[in-house]
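These protein sequence lines are chains V and S, in that order.
Position 300 (the first sequence) corresponds to 303 in the working numbering; numbering is contiguous.
Position 81 (the second sequence) corresponds to 83 in the working numbering; numbering is contiguous.
Keep in mind that the hints were calculated from the coordinates and are not lab data.
Note that beta-carbon positions come from the ideal geometry of N, C-alpha and C, so glycine has one too.
There could be a bad hint or two in this list.
[What the hints assert, rightly or not] Subject to a maximum C-alpha distance of 25 Å in a straight line, what follows is the list of computed SDA-like cross-link-like pairs (lysine to any residue):
| no. | chain 1 | residue 1 | chain 2 | residue 2 |
| --- | --- | --- | --- | --- |
| 1 | S | K227 | V | E465 |
| 2 | V | K358 | V | H384 |
| 3 | S | K252 | V | T467 |
| 4 | S | K252 | V | G489 |
| 5 | S | K49 | S | E121 |
| 6 | V | K463 | S | T261 |
| 7 | V | K328 | V | S352 |
| 8 | S | K52 | S | A87 |
| 9 | S | K52 | V | A428 |
| 10 | S | K254 | V | T73 |
[What the hints assert, rightly or not] Away from chain V, derived, C-beta distances all over 10 Å, residues of chain S:
| no. | residue |
| --- | --- |
| 11 | R41 |
| 12 | A45 |
| 13 | N46 |
| 14 | P48 |
| 15 | A108 |
| 16 | T119 |
| 17 | N144 |
| 18 | L151 |
| 19 | K167 |
| 20 | I187 |
| 21 | M217 |
| 22 | V218 |
| 23 | T220 |
| 24 | G223 |
| 25 | F258 |
| 26 | D278 |
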Amino acid sequence: MTVRERRVRRIIVAVFAVGVACVALRSGAHAQVTFDRLLNAAKEPQNWLTYSGDYNGRRFSPLDQINVATAHGLSAKWVYQTGATGKLETSPLVADGILYATAQDDRAFALDARTGRPIWMFQHQLPGDIRPCCGRVNRGLAILDDKVFLGTLDAHVIALDTKTGNVIWDVVAADYRTGYSFTVAPLAVKNLLVIGVSGGEYGVRGFIDAYDAATGARKWRFYTVPGPGEPGHDTWEGDSWKIGGAPAWNTGTYDPVTNQIFWPTGNPSPSNRGEGRAGDNLYSNSLLALNADSGKMNWYFQFTKHDEHDWDATQVPVMIDSGSKHLIAQANRNGYFYVIDRSTGKLISANAYGKTTWSDGKDSEGRPLAKKEASPTLAGHTVCPGALGTTNFMAPAFNPQTALFYVTARDQCDIFSTAPQPYEAGHAYYGSAYFPSEEAEPYRGFLKAIDPATGEIKWKFEHTSPTWSGVLATAGGLVFTGDAEGNFIALDAVTGKTLWHFQMGGAVYAPPMAFAVDGKEYVAIAAGSALYTFGLP
Amino acid sequence: MPFPPDGSNRRTSCSTRRFLVALIVLLLGLNAGFAADERNPFANDPKAAKAGEYEFRINCALCHGLGAHGGGRGPDLTRAQKKHAHSDAELFQVISNGIPGTVMPANGTNGQGVGMTDEEVWQIITYIRSVEVKAPAKPVGNAAHGKELFYGDANCSLCHMVEGKGGRVGPELTAVGGSRTREAIIDSVRNPSRRLAWGLTEPTKEFPQEYETIMVVTADGKQIKGVALNEDNFSVQIMDTSEQIYSLDKDKLRSFQKTRESMMPQYNSDTLSDKDLDDIVAYLTSVGAK
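Isolated chain V, as found in the complex (with noise of 0.2 Å):
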C-alpha cells in the first residue's frame, strides 16, 4: 500500500467514523420523544408513549408476533420487583428500549425493556400525613421530549429526566391536607402537560390541569365545579359547590383534528349523600370536551346526574371512527355502555352491559335516568351495581379489526346506607355507607366483548372471583387480561377462548400493554409486587 494509497484509506475511515458518529446521534436525538411522536404513535407500534398506547385510548397493540397461532409459547422474559406493597396498578411506557413505570408511594423508574435491568430508580419524599382514599397508588407516568412527568399523592407535578431520574422540575398543584392527591397518569399534548386531581372522598374541588411541560409553569385550570356566574353553578345547593368533588383521577384522550381533550371526571361529594346538594351537580361523572390549548370547555355529557353511589365516570373514554361518524365510548361505573358523538358531546346509545336495577327509564335524550328508590336510606337497600361499579378504573382495550370493546365488568349489588357527615377539611367525606348483603349471590366478574354498534355482548368469560385489571388488544387477534387469583391470560379476540395463562403469585391491578425491542414483542403487566414481562421464545 503506497503512502497515497494508506492516506486515502485513512480518510475514508475517517469520513465512515464520523458517518458513525452521526447516525449515533441521530439516534440519540430520535430518543427525543416529541409531540409529532405521540400524534403518530402508531407508526412506531414497539413503543408504547402514552397510558393507553395513543391518543385514542385504545389500549390496542399493532404488533402481531405474539397471536392467536403462536400464544401458546408465550414465557415470562423477565421480572422487576418493585420492593413496594399494596396495590400496583401502573401501566409502562416503553420508548426506544426503555421502560418508564411506576409504583406506590411515588416510585418511577426506568428499565431496559429487554432484560429488565434497572436504569434509573427514583422515590418522591412523601409527607407522613398523606390522605389518598384508595391505596397510596399511581397509574403511571406521561412523556414528551426528554422528561417523563409524574403526579403524586401530595399533589405535586414533577418532571423527570428520561435518561437519569433527576427532578427536572416539581410544581404544588394543590394543598394534600385538604384531600387532594394525585394518581392518575398524566397525559402529554402538544407542549403541555396535562392532569387531573383526586380527592373525591374529601370534599375537593375537582379540576384539570395543564403545565408547561417544559417549564412547569402552570398554562390552565379547568374547575369540574363551576364557580359563581359560571354555567352550571345553579347545579349546586347553596355553598355545596365548594366542597363538591368531581375529580378526575383518570386519564382522559385527545383528538388532534378538532384539537379537544376529552376527560372524564367523578363523583360529587359527599360520594353517597345527596342531601345538602341538590341538583344535577354538574360536572361531576360526566365527559368534557376540552380545548387543548386554553382548557375551555366546548361540551359536556353527563353519565349520572346527581350521584348517590359513588360511580364515578373516570372510566377511560375510547376514541372509535365508524365509517363518516366520529364517535366517543365509555363502559361507565353506573352498569351503561355509552356512545357519544365527539363532534357535538349528543348521546347515540346506552346499553346496559352488567347487573343494573337502579335504572327504570331514559330522558327524551336516551340517558337511563335513577328511580327515586335508588337513593341511600337509613336502613340501607340493596342497589345494582354496587358501589364499586360494573366497572372502575380498571382499563378497556378496543380492537379496531375486530370492531370489538373489551372491559372487565363486575356483577355486585350494595346495601347503600346513610351516614351523615359533617364536612371537615381533609376528613373523609362519604355521607354514606355501603356494604354487601348477607343474603346478596356471591360477587361475579366477567371480561365483556362488547359491540359499541349496537351494545350487544359478543361472549363473555367468566373469571373466578372479579378482577381489576385492564385489559389489551392485539393485531395479533389476543386480548390480554389478568384476575384476582394472579394468573395472566391471553384470550382469542373473537371467541373468548382461553389460549394461555401463567400464574404470577399476585393480584393483578394493572392493566397489560405490549412493545418490542430489536423486532421482538413482548406483552407486560404488573401483578403482585412486581412487573412481569412475557414473549415467544
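With the hints as your guide, set chain S onto chain V.
Just chain S now, with coordinates in the frame of chain V:
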C-alpha cells in the same frame, strides 16, 4: 491536664450512659403510664356516639354489620366481653393497628377507605360502648355436655377442629364462639348452605376460603367430591372427606361441578335437639371466650 486520662474519660462516659439509660427508662415508664391512662375524650358523650355510629357504618360495618351485631366476617361487638381488647385504650390500639393473623386491618390499610383520625376512632369506640349489652344474657346450655356431643354423637369433630382436636374438612371453630353470635352459629348448624363461610380467611391462610362443594370426574373416570381449598380458572385444589388433598387441572377433567350446597349435613331438630344444640353453642362459646 488538657485531657483526662483514658480511664477517667471512659468512666465519665459510662456514668453519662447510665444516666441516659435511666432517663430513657424513666421516660418510657412515664409514656407507658400515659398510654395506660389514655382515656376516651368522648366517653359517654351521646353526640360523639352518633358521629361514631356513622363512622362505624363507613369503616366497620362491612365486616361487623350494621348495629355492630357481627356480620359474615367480623365478631359481634355488642358483647361486653371482647377477645382482643377490654379497655378503651386497647380498643384504640386494635382499631389503629389491626389484629395480626386475622382479617382485621390496621386503620387506613384496607385499600378502600380513608384512614380515620384519632378523634374519629374515639367516636367509634364511644359508639361501640353505647351499643354494648351491659348484662350479658344468662348463659344458655351446658358446655360440658356440648363438648361431649361435639366430639361424640353429634359428629361435629369429624370435620371441625377445636383447639387442635378434630377434622380438617370444615372450618376451624376454636374462635367461632367469640366471634359469631349465638344466632349465627345456630343458623349455620340448622341451615349450613344458607351462607357458606363467605370470604372467610382462616388464620393459617392468607386467602379466603368459602367451602364450596366440588364434584369432579377425572379423565380416568375417578369421582372426587370435596371442599374447595382454592381455585382459579385453570386449576382447583380439593380436600375430600378422608382429608386427602387433590390438585387438578380443570381442562383435563371429564366433568367439573361446583355448588354452594354445603357438604355439612343439615341438622334439623330430629337429628339434633334444640337443647343439645344450645349445649354445643355453650361449649363453643366457652372455648371462644378464652
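#### Entry: Pairwise hint evaluation, S:T261 against V:K463, where the allowed Cα distance is 25 Å at most
Distance ~21 Å between V:K463 and S:T261 Cα, so the pair holds.
### Restraint check for S:K52 with V:A428, where alpha carbons must lie at most 25 Å apart
Satisfied, since the Cα-Cα distance of roughly 20 Å is no more than 25 Å.
### Message
Holds or violated: S:K252 and V:T467, Cα atoms, limit 25 Å.
### Response
holds, 12 Å
### Query
For the pair supplied as a hint, V:K328 and V:S352, is the alpha-carbon distance within the 25 Å limit?
Answer holds: V:K328 to V:S352 is near 13 Å, not above 25 Å.
#### Entry: Assertion that S:I187 lies farther than 10 Å from chain V (Cβ)
Label holds. Min Cβ-Cβ 15 Å, cutoff 10 Å.
### Query
Can the restraint linking S:K49 and S:E121 be considered satisfied, given a maximum Cα separation of 25 Å?
Holds. S:K49 to S:E121 sits at ~13 Å (cutoff 25 Å).
#### Entry: Holds or violated: S:K52 to S:A87, with C-alpha atoms at most 25 Å apart
holds, 22 Å
### Task
Say whether it holds or is violated: S:G223 keeps its Cβ farther than 10 Å from all Cβ of chain V.
Nearest chain V Cβ is 25 Å from S:G223, so the label holds.
### Task
Over 10 Å to the closest beta carbon of chain V is the bar; see if S:T119 clears it.
At about 7 Å from chain V, S:T119 fails to clear the 10 Å cut-off, so the statement is violated.
### Query
Is the nearest CB of chain V more than 10 Å from the CB of S:P48?
holds, 16 Å
### Nearest-CB test (10 Å) between chain V and S:D278
holds, 26 Å
### Task
Could you let me know if the closest chain V CB is still more than 10 Å away from the CB of S:R41?
It holds; S:R41 is separated from chain V by about 23 Å at its closest Cβ, greater than 10 Å.
Violation of the numbered hints given earlier is confined to hint 16; every other hint is satisfied by the structure.
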